[in-house]
Amino acid sequence: MSDIVRRDPRAEWIARNRLHPLHAAMQTQQSNWMGPGGVIRKNVHAVGFIGPNGIKRIDRSGAQHGTTTVSRRSATTEVQLPLHQVADPAFYIAVVPDMVGGRLGSHDRDLLGLARSLAGSEGAVLAIVFGEHKESNFAAAGVDRLLLIDGDEYRGYAPEQLIQGLRAVDHQFAPRHWLLPDSRTGGGEVGRRLGAALGERPATRVWQVKDNQCIGRAGAGQQDLHRDLPRLILASAECAEPVSETRHEALPVELSVPVARSLPRIDDLGPVAVDPAAIAMAESEFIVSGGNGVKDWDLFHRATVALGATEGASRVAVDDGFMPRHRQVGATGTWVTARVYMAVGISGAIQHLQGIGACDKVVAVNMDPGCDMIKRADLSVIGDSTAILQALIEAVENYRKGAQREAA
Amino acid sequence: MNTKVISLVSIGAHPGSGRTRRAEQDARAVELGLQLAGQHLQVVHAGDPREEALRAYLGMGLDHLDVLEQPAGADVLGVLGDYLRDAGAQLVLTGSQAETGEGSGMLPFLLAERLGWPLIVGLAEVESIENGTAQVLQALPRGQRRRLKVRLPLLATVDNAAPKPRQSAFGPARRGVLAARNVMVTQDELLTGAELQPARPRPKRLKVIKAKSGADRMKAATAKASGGGGKVLKEVSPQEGAEAILKLLVEEGVIR
Ligand SMILES: Cc1cc2nc3c(=O)[nH]c(=O)nc-3n(C[C@H](O)[C@H](O)[C@H](O)COP(=O)(O)OP(=O)(O)OC[C@H]3O[C@@H](n4cnc5c(N)ncnc54)[C@H](O)[C@@H]3O)c2cc1C
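Sequences listed follow chains L and G, in order. Numbering-wise, the first sequence is residues 1 to 408 according to our numbering. Numbering-wise, the second sequence is residues 1 to 256 according to our numbering.
One or more hints might be untrue.
Stated by the list, open to error - Pairs of lysine-lysine residues, derived as DSBU-like cross-links and limited to a Cα-Cα distance of at most 35 Å, are as follows:
id, chain 1, residue 1, chain 2, residue 2
1, L, 361, L, 295
2, L, 375, G, 149
3, G, 4, L, 134
4, L, 134, G, 234
5, G, 212, L, 375
6, G, 149, L, 134
7, G, 4, L, 361
8, G, 149, L, 56
9, G, 149, L, 42
10, G, 4, L, 42
11, G, 204, G, 219
12, G, 234, G, 204
13, G, 4, L, 56
14, L, 134, G, 231
15, G, 164, G, 204
16, G, 164, L, 375
17, G, 4, L, 375
18, G, 234, L, 401
19, L, 375, G, 234
Said to hold, decoys possible - Derived contacts from chain G toward chain L, CB cut-off under 7 Å, selection only:
id, residue
20, 100
21, 129
22, 131
23, 139
24, 143
25, 148
26, 152
27, 217
28, 220
Source of the hints: derived by calculation from the structure; they are not laboratory data. All C-beta atoms in this analysis are idealised placements derived from N, C-alpha and C, irrespective of residue type, glycine included.
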């Protein structure tokens, strides 16, 4: 329903004209009003609306649509969560999110939730983000202060420079706690480096924090370590509930002194091309899957090679013998965690959608604009798979050539 | 190759029975060391020299294994640091996390800080070592690799991306020598303020639906694939569609 209010001058005129034969029908039916004696009167017949199949429906959610023109607008307004403000923070809780793909992940959000609970009403959650990011909603994740540290020296793999940056933060803000995700995607390493640099003994793999005590996994995961809450906490996923009931300011802050440049002892020579087919599908970052709508499998394979993607398939494609069984994505196949999943000619049966539940961005190529995959997808292109795959190969080759020319 | 390679090993625990064994990641560190230095690989453990599980490392083809004798619960950082410096190590390999005790994975980081050496996590392959620098491949999540050039001496941790350890043979394991050395002991004060307990299963997170009314909750519970939000390109030429897809892929950084 669009937000534009459309006026009907004729209906308004009839509603004003008491002599018009349709006058009674045009009155907005009040279901509740104050009677002359101060008593609330109700017209039970005016409650509800006539549903599409002609049966009267009563929706008690308060978002009733139909009958009245007034409720039509309020129904779609979004609820604003209360804003939590920390004008003058008594202390800081510093969080260094992983920002996989430039956005806050679920692990990061859990961590911010934990930071929020440690900060209480006096403290502020300070998020420290290195380099560029694509996140637009730090405020809803519970960030009170946001420190962006950007610069050429943080590009690529520069753990020692990151630690210099974090040291500067430690010096300026003296956070009460440092929180980092104990993950393979960066947080685990940076947190341990920070611990070694600051001389703080971290609590690792923490999964519960309560009353100044924390519990973390120890050894190979067969034991728990209970200990007092240290200053540096490396927490696992689901260590706390993410912030969901408040909005936060996410005020930008800056470092007062420039960060010292560390002498690089580790040179990043860039990523190495890995054969995408050799990566386990459950691990792969970028999967292109083919289904019953792929007509030219040779072309499909060429497209995945051109894109550098790992191949996947729907069950129909596997059953028909076009793809090996271990490439099947879905309930009876592999549950994938790709950041980008591209479904070519896959209708989006629930068994398939289950398997891609953890994927971040889904791209669909399909003939049928009404299929379920399109509803799940972030970007859908309606059209014939053969033509689109062909165009995609050309586009990628042009893009690669362009990039080469720029580099040269 | 005449680079001095040292692998640090610990005692592992079998995930099912809890019996001592060679630690999985440390065995990979030994394997990588053997591939680099062959017979010249030096392997060190700080702990109890009478521990039988250490023989599993010897069985991988080592003549002897140095053991810096330490009681359980001692802080081994100092003795290992001194040992590595005295031995003139150029490349030190460790697992990324112990299978017993705290298992915080801090040891390599603290050692690197103490010795002032660069540290690399997730070493997958050493490509070349020359002129005091090593060119190595680092394992990243999702099966990716990154090439790094690092100055020696270097400390590196290995994880499951490193080569699979060879089997331990019984004969060499018996014949190998566990050479104990007497060194200083520093008590670790962590375990006085903390306690280890058998792991409790973590509660599964429930999907909590925050809705004001029953109708909203019903809607949330029965909703099919999250509709809307996505961009649908209809009646475009294949070229335009391909451009749009490519733009998204490039934005997400999956096209290299
Ligand atoms: C117990 C059970 C378990 C299952 N487990 C799985 C599982 O793990 N994984 C799985 O994938 N399935 C599974 N299925 C099967 C699942 O229900 C679907 O049948 C299957 O996913 C459909 O595959 P599809 O989308 O490739 O084919 P279809 O449903 O036939 O869809 C083909 C799509 O391609 C489009 N199309 C056709 N031609 C073109 C063209 N030229 N260009 C572009 N688009 C085109 C069509 O519009 C359609 O949307 C399971 C089923 C059962 C009963």
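Do the hints match the structure? See the list:
no., hint, result
1, L:361 - L:295, "holds, 24 Å"
2, L:375 - G:149, "violated, 46 Å"
3, G:4 - L:134, "violated, 45 Å"
4, L:134 - G:234, "holds, 27 Å"
5, G:212 - L:375, "holds, 26 Å"
6, G:149 - L:134, "holds, 30 Å"
7, G:4 - L:361, "violated, 47 Å"
8, G:149 - L:56, "violated, 73 Å"
9, G:149 - L:42, "violated, 79 Å"
10, G:4 - L:42, "violated, 90 Å"
11, G:204 - G:219, "holds, 23 Å"
12, G:234 - G:204, "violated, 42 Å"
13, G:4 - L:56, "violated, 84 Å"
14, L:134 - G:231, "holds, 18 Å"
15, G:164 - G:204, "holds, 33 Å"
16, G:164 - L:375, "violated, 43 Å"
17, G:4 - L:375, "violated, 59 Å"
18, G:234 - L:401, "holds, 28 Å"
19, L:375 - G:234, "holds, 14 Å"
20, 100, "holds, 5 Å"
21, 129, "violated, 15 Å"
22, 131, "violated, 13 Å"
23, 139, "violated, 9 Å"
24, 143, "holds, 4 Å"
25, 148, "holds, 6 Å"
26, 152, "violated, 10 Å"
27, 217, "violated, 9 Å"
28, 220, "violated, 12 Å"
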